[in-house]
Amino acid sequence: MNADLGLEVELAHRIQSGDQHAELVLVERFARPVRLILLKRTSDPQLASDLAQDTFVIVINALRQGKLHSAKALPAFIRQTAINLSIEHFRKEKRYVRQDDEIIQLQAPHVDHKAEQVDRQHARTLLEAALEQLAQPRDREILHRFYLLDEEKPQICDALELSTAHFDRVLYRAKQRMRELLRDNLELKSLLFGGLSDG
Amino acid sequence: MADERLNSDWVDDYIRGRLSEAEQTAFEEQLMDDPSLQDELEVALAVRSTLQGVDAQDEAATGAGAMPDNRKDGFAPTGRWAPYAMAASVVLAVVSVTLLWRESVRTDELRRQVAALEAPVTGVLSVPVDIMRSAGGRTPDVILVKPESGLVVFDIEVAPRFRSLQDLVLSLRSEDGSEVFSSKVTADRHGRVTIALRSDQLPVGLNELHMTHPGLEGHDARLIEVRDQ
Numbered sequence: 001m002n003a004d005l006g007l008e009v010e011l012a013h014r015i016q017s018g019d020q021h022a023e024l025v026l027v028e029r030f031a032r033p034v035r036l037i038l039l040k041r042t043s044d045p046q047l048a049s050d051l052a053q054d055t056f057v058i059v060i061n062a063l064r065q066g067k068l069h070s071a072k073a074l075p076a077f078i079r080q081t082a083i084n085l086s087i088e089h090f091r092k093e094k095r096y097v098r099q100d101d102e103i104i105q106l107q108a109p110h111v112d113h114k115a116e117q118v119d120r121q122h123a124r125t126l127l128e129a130a131l132e133q134l135a136q137p138r139d140r141e142i143l144h145r146f147y148l149l150d151e152e153k154p155q156i157c158d159a160l161e162l163s164t165a166h167f168d169r170v171l172y173r174a175k176q177r178m179r180e181l182l183r184d185n186l187e188l189k190s191l192l193f194g195g196l197s198d199g
Numbered sequence: 001m002a003d004e005r006l007n008s009d010w011v012d013d014y015i016r017g018r019l020s021e022a023e024q025t026a027f028e029e030q031l032m033d034d035p036s037l038q039d040e041l042e043v044a045l046a047v048r049s050t051l052q053g054v055d056a057q058d059e060a061a062t063g064a065g066a067m068p069d070n071r072k073d074g075f076a077p078t079g080r081w082a083p084y085a086m087a088a089s090v091v092l093a094v095v096s097v098t099l100l101w102r103e104s105v106r107t108d109e110l111r112r113q114v115a116a117l118e119a120p121v122t123g124v125l126s127v128p129v130d131i132m133r134s135a136g137g138r139t140p141d142v143i144l145v146k147p148e149s150g151l152v153v154f155d156i157e158v159a160p161r162f163r164s165l166q167d168l169v170l171s172l173r174s175e176d177g178s179e180v181f182s183s184k185v186t187a188d189r190h191g192r193v194t195i196a197l198r199s200d201q202l203p204v205g206l207n208e209l210h211m212t213h214p215g216l217e218g219h220d221a222r223l224i225e226v227r228d229q
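Chains as they are written, first to last, in the numbering used here: chain A, 1 to 199; chain B, 1 to 229.
Calculated from the structure, these hints are not laboratory results. This structure is a prediction, so every number in the text was calculated from the model and none was measured. Check before you lean on any hint, since a few could be wrong.
What the hints assert, rightly or not - The calculated lysine to aspartate or glutamate pairs, modelled on DMTMM-like cross-linking and capped at a C-alpha distance of 25 Å, are:
id, chain 1, residue 1, chain 2, residue 2
1, A, LYS72, A, GLU151
2, A, LYS189, B, ASP55
3, B, LYS184, A, GLU151
4, A, LYS153, B, GLU217
Model the full structure from these sequences, guided by the hints.
Okay, here's the thing in structure tokens:
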């Protein structure tokens, strides 16, 4: 941890001195956690990626101008900048809603519907294949209730008459399997994370 | 192994919104410098996204959910607009948005439901009301310019603690405190409730959308500023 702190202080000083390589190092070091935080908040890989870019533009400019009071606070500053941008994005997005003559489509830019159908079919194939590998059908019910319906573990165990050990095993196995899928299936990773993939 | 389990539980609590604000901050600060925690989070987000994506595809294939009878029975309009509210206000069970696709299925379902009203509706204004983006205080969460006529549909994200409960009480109160409508609702499988009101039912000014449950303390509230054209 001390070594990390030293690196962050050093990065901040180097960026303030105009070291562009230090800027790249900063982005490489913090891009992934920033994108994950934004992905969790937005559920939109493309939006998360855009906001992450904006985050680093703001952070780097602030460092260049020596605006960071304490270099030790650099990770917290980066994190807070990302969060503020996501809040601001949703404030702007939701703020004004006007009527049109037709039903307003929810967050729908114009798309090529044929291409969208093909993409959708392909994505469906990828996702279904991934889900089949994650868990057996009964176990998928557990995952669905936990992650999508937001039910608690005791509630799920009661409803499905299973032990907490079984529940834990299902989650553990699904995550292990997903780990392997993300490693081996770049197309799936790209579908789920868009431009956020590391490496 | 124990550390792995702790991280895994911590990550699940984080993505499911179970952490307090302070706990969330602590998690994210740890995340900034912890590659193993980043790995764990990435995997959990991927599992959730896969489930969401397949779920969305299933909904797209079968069409959005139809209006459940229990919600219709539970509707209890109040306030001075009540007679109009009964004619035109309908609780629509529309499936929620997804990670990947959401537009055309919900729009089609909205059209179908609006057509079923057999009311002279010239258009539908859809207003998403999400809980996670609220600015709090007296700052409006949503500002909408109400149409001269037609329906205004509020697509409301229900707070996690209310999602599995039946018969939530959802009401809209105008700036002077009077109740525009009140209804018993239950969140759909994606944790959302949709309410449609006629445009002329909506009072101009700062309205409060209020959700509570008789068995739970506290309430969820969102401020909706309505402006004239």
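Structure-based check of each hint:
no.: 1; hint: A/LYS72 <-> A/GLU151; in the structure: violated (39 Å)
no.: 2; hint: A/LYS189 <-> B/ASP55; in the structure: holds (18 Å)
no.: 3; hint: B/LYS184 <-> A/GLU151; in the structure: holds (21 Å)
no.: 4; hint: A/LYS153 <-> B/GLU217; in the structure: holds (23 Å)
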